[in-house]
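Given only the sequences and the hints, what does the whole structure look like? Please build it.
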Amino acid sequence: AQKITQTQPGMFVQEKEAVTLDCTYDTSDPSYGLFWYKQPSSGEMIFLIYQGSYDQQNATEGRYSLNFQKARKSANLVISASQLGDSAMYFCAMRGIIQGAQKLVFGQGTRLTINP
Amino acid sequence: NAGVMQNPRHLVRRRGQEARLRCSPMKGHSHVYWYRQLPEEGLKFMVYLQKENIIDESGMPKERFSAEFPKEGPSILRIQQVVRGDSAAYFCASSPQTGAGTEAFFGQGTRLTVV
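Protein chains in written order, with the working numbering: chain A, 1 to 116; chain B, 1 to 115.
A portion of the hints provided could be inaccurate.
[What the hints assert, rightly or not] Here are the simulated lysine to aspartate or glutamate pairs, EDC-like style, with alpha carbons at most 20 Å apart:
(1) B:Lys-44 <-> A:Glu-61
(2) A:Lys-3 <-> B:Glu-40
(3) A:Lys-3 <-> B:Asp-56
(4) A:Lys-3 <-> B:Glu-103
(5) B:Lys-27 <-> B:Glu-57
(6) A:Lys-3 <-> A:Asp-26
(7) B:Lys-44 <-> A:Glu-44
(8) A:Lys-3 <-> B:Glu-72
(9) A:Lys-3 <-> B:Glu-57
Simulated from the structure, these hints should not be mistaken for laboratory data.
Being a predicted model, the structure only gives us computed values, none of them experimental.
Printed below as a string of structure tokens:
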């Protein structure tokens with residue numbers, strides 16, 4: 001079975017600092033995708049970044065980057081120069097190519113609070 | 001290109017009533033997924049549908065819950081005889097195809113409150 005673990009229930013960071021949100025995963029699938037979503041207080045799910053298991057380079061999207069360490073089965077999200085608008089819940093998710101290719105498996109989430 | 005549309009955004013039902021949640025996928029998307037989010041938790045997969053077919057309903061409770069995605073019209077998640085424990089946010093997502101690297105586009109969710 002696939003599993004996502006986010007060990008940080010909450011994080012508090014000063015504005016303009018960088019922040020790393022942890023995500024570890026477990027799967028026996030030979031190929032899989034890793035996703036990060038942001039959920040602000042308004043409730044919608046906003047896609048941030050994607051990393052494929054066979055991608056050679058870490059994914060980047062603007063201020064977001066994904067620190068992918070395949071041997072450690074970790075896919076940490078790094079937000080550079082944090083902003084007040086980054087305060088939200090952040091979810092790590094994965095999807096396998098064989099096991100449950102149809103569905104995303106989500107972690108419990110990390111609540112990020114950016115302090116001015 | 002409109003995003004995934006869910007309605008209603010908020011739904012209040014009394015115990016024992018029926019709840020019907022609607023989801024219109026993005027144009028050109030034939031794959032629809034329903035997820036449930038309990039307070040302070042991550043999303044949990046419920047069901048995956050393609051037009052007129054349920055592909056994977058491994059996350060659906062065996063009783064009272066059903067889903068459909070007809071040839072014409074939106075996908076419907078139906079909860080019969082709702083109980084307080086059904087109170088949650090229900091998200092629909094759609095994608096143009098399936099696969100490990102396929103992004104799922106989420107709707108804004110329907111927040112069901114059972115009183």
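Are there hints from earlier that the structure breaks, and if so, what are their numbers?
-> 1, 5, 8
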